[in-house]
Structures are given as C-alpha cells and as structure tokens.
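Undergrad: Chain residues, written in single-letter form:
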Amino acid sequence: MKVEFKLFSLLFAFSAIMGIIYGVFTKWEEPVGTVALFLTAGLCIMIGGFLWWTGRKIDLRPDDDPLGEISDIEGDYGFFSPHSWWPLFLGASGALMFLGLAVGWWLVMLAVPFVAVSAIGWVFEYFHGEHSI
Amino acid sequence: MTAVGTMVWLASELMFFAGLFAMYFTIRSVAGDLWNERTGHLEVGFAFANTVILVISSIWCQFGVFKAEQGKPSRDGKLWQVGSWGMREWYVLAYLFGAVFVSGQVFEYSNMFGEGISLDSDAYGSMFYLTTGFHALHVTGGLLAFLMIIGRTFTAKKFTHHQITGSIVVSYYWHFVDVVWIALFATIYLLK
Numbered sequence: 000m001k002v003e004f005k006l007f008s009l010l011f012a013f014s015a016i017m018g019i020i021y022g023v024f025t026k027w028e029e030p031v032g033t034v035a036l037f038l039t040a041g042l043c044i045m046i047g048g049f050l051w052w053t054g055r056k057i058d059l060r061p062d063d064d065p066l067g068e069i070s071d072i073e074g075d076y077g078f079f080s081p082h083s084w085w086p087l088f089l090g091a092s093g094a095l096m097f098l099g100l101a102v103g104w105w106l107v108m109l110a111v112p113f114v115a116v117s118a119i120g121w122v123f124e125y126f127h128g129e130h131s132i
Numbered sequence: 000m001t002a003v004g005t006m007v008w009l010a011s012e013l014m015f016f017a018g019l020f021a022m023y024f025t026i027r028s029v030a031g032d033l034w035n036e037r038t039g040h041l042e043v044g045f046a047f048a049n050t051v052i053l054v055i056s057s058i059w060c061q062f063g064v065f066k067a068e069q070g071k072p073s074r075d076g077k078l079w080q081v082g083s084w085g086m087r088e089w090y091v092l093a094y095l096f097g098a099v100f101v102s103g104q105v106f107e108y109s110n111m112f113g114e115g116i117s118l119d120s121d122a123y124g125s126m127f128y129l130t131t132g133f134h135a136l137h138v139t140g141g142l143l144a145f146l147m148i149i150g151r152t153f154t155a156k157k158f159t160h161h162q163i164t165g166s167i168v169v170s171y172y173w174h175f176v177d178v179v180w181i182a183l184f185a186t187i188y189l190l191k
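In order, the protein sequence lines correspond to chains A and B.
Heads up: the first sequence begins at 0 in numbering that gives the first Met the number 0, then just goes up one per residue.
Heads up: the second sequence begins at 0 in numbering that gives the first Met the number 0, then just goes up one per residue.
Worth flagging that the hints you see were computed from the coordinates, not collected in a lab.
From the three backbone atoms N, C-alpha and C, an ideal C-beta is built for every residue, glycine too.
Incorrect hints may appear among the rest.
In the EDC-like style, the derived pairs of lysine to aspartate or glutamate whose C-alpha atoms are separated by at most 20 Å in a straight line are [unchecked claim]: (1) B/156 with A/129; (2) B/157 with A/129; (3) B/156 with A/124; (4) B/157 with A/124.
In silico negatives: residues of chain B with every beta carbon more than 10 Å from chain A [said to hold, decoys possible]: (5) 9; (6) 10; (7) 16; (8) 30; (9) 34; (10) 40; (11) 43; (12) 45; (13) 46; (14) 57; (15) 114; (16) 134; (17) 142; (18) 150.
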C-alpha cells in the first residue's frame, strides 16, 4: 500500500504548506481558509496514515507487484447483499424525519419509530438466526 | 474494505467539523467583546470532567476491540472477573461512559440556557449550541451504533469476521468523535 500512502502524504504536505503560506499572507487574521487548509491536511493524513498502518499489518498485495496479473487477485472480496429493501425504508423514514425538522417536531416524533425499525432491520438483516454470516 | 470506507467517510466528517471550527473562529474574530462577556458563563471544570469521561470511554472501547480481534464476544467468567470480559462487556461499559457524557452535555445546556444563552440569543449562543450540538448528535449516533453491535452478538449464531469488522469500524468512529471533542473542548473552553 506504499503508493497509496505516498499519494495521500503528498496531498497532506501540499495542504499543510499551503496552509502556512495562506496564514502568512493573511497575517493569521483570516481564520476560515487557514482552518480549512490545515484540516484538509488532516483529512489526507487520516486516510494516508490508515493506509500506512494497514499496509504494515498485511502482506504485500498483488496490486503492489508491478508484474502482477489480474488473475492474482481473484477470490473472496467480502460479503455483498444480493438484494435488500431496508436501505429504501431507511432512506424514506430518514427523509420523513428531516422533513420534520422543517415542518414541525410532531413529524420528527412520528418518524423516529420508522427510522429505528428500518435501521435495526438493515443492521440485523444478515446477523440473525441459522444463516447469519 | 469496510474499514477503508469508514476511514474515507470519517475524513469527510472531519471536513464537516472543519466548517464548524471555521464558523467559530470567524464569529470570534468579528465579535471579540461578546466573547469576553459570554465565556464567563462556561463551567470549565465540569466540562473537563466530562471530557475525561469521554476519553476513558474510548479506552474501554479499545479494550472491547482487542477482545473482538481475539474472537471473544462475551465473558466466560463472572461479571466481576474483569479479565474474563469479552467485547460485549467492554462495549457496554464504553456505552455507559458515553451516555454519562451526553447527559453531562444536557446538564451544561440547561445551565447555559438558564443564564439566557440560547441558540437564537446571540452569535455566541449560535456558535456554542451548533458546534457542541452537532458533536452531541454524533456521540448519540455512536451510542446507537454500540447498541446494534452489542445486539448482533446476541442474534447471530457465530461471532464471525463480519461482526469483528463491524465492531472495529464502530471503534474508529468512537475514537474520531472523541478526538473531535478534545479539539472542541480546547477551542471553546480553554481558548475562550
């Protein structure tokens, strides 16, 4: 994962240096841009650091081999739900709840049980009973 | 794959809080007098204790992750034998500490509100309730996530790799929210 780590480190260095230059040019009196640039640097180093840390724990992947073949990375990629209705229900009840913030708190109260049921339905869909993954 | 996705999402969450921090510093730079007057209402000692509770909650959460990585969902001894605890017990403890933190925030809100600082009273009130309020919503979301992760260990027959991944990414989120609070605490309560 060295390439990915280097990519994000580069972005981190760019944002941090730009943040310093921005700060000096605005005499550190304009906070919004400075905060945004430094936290963009934080955004990059968060992902970069995670990739570095993960890359240390796992062996080299076929992706890291310049002479690798596509067939090298065949196999199990993880679990993907074949079909699920829960995201639709969760989206609809979430929309109802946030509409409630504009309309009135009574609608939020009505929507909360729907959000709860659909969130629980989604999270537990493949984690109950005999066939849990 | 789930872990990388969570990290990318958390990085975007960082930018969401970047907007809130930028708002704080902007309002502060144009309304300095308001700050001098309003920051006297803050209860720094109380907020510090609350911060410590949230940080400790993160530690319990990490102990739970270690147990999850060992593939141990629940305790194999008695409740008071802390060494025999599994992920479930540590997560319940982390949940309780997080819940105390949110309750402390509600208490702090009622104090501030009682002293006439509300969301629409002035710029300081807007800033205070928006930043800490969005953070408290995140903590509440994390608490609900804890409940679901704990619930899964009861409903599923086996403690599988998928469950371990789920508990690890919830811990990422929890640590992230914790770190954001430390930054918020420092800017609102210490920087004044």
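Undergrad: Indicate, hint by hint, whether the structure satisfies it.
TA: So, going through the hints one by one against the coordinates:
no., hint, in the structure
1, B/156 with A/129, "holds, 7 Å"
2, B/157 with A/129, "holds, 9 Å"
3, B/156 with A/124, "holds, 13 Å"
4, B/157 with A/124, "holds, 15 Å"
5, 9, "violated, 7 Å"
6, 10, "violated, 4 Å"
7, 16, "violated, 8 Å"
8, 30, "holds, 13 Å"
9, 34, "holds, 13 Å"
10, 40, "holds, 23 Å"
11, 43, "holds, 22 Å"
12, 45, "holds, 27 Å"
13, 46, "holds, 22 Å"
14, 57, "holds, 16 Å"
15, 114, "holds, 24 Å"
16, 134, "holds, 15 Å"
17, 142, "holds, 13 Å"
18, 150, "violated, 7 Å"
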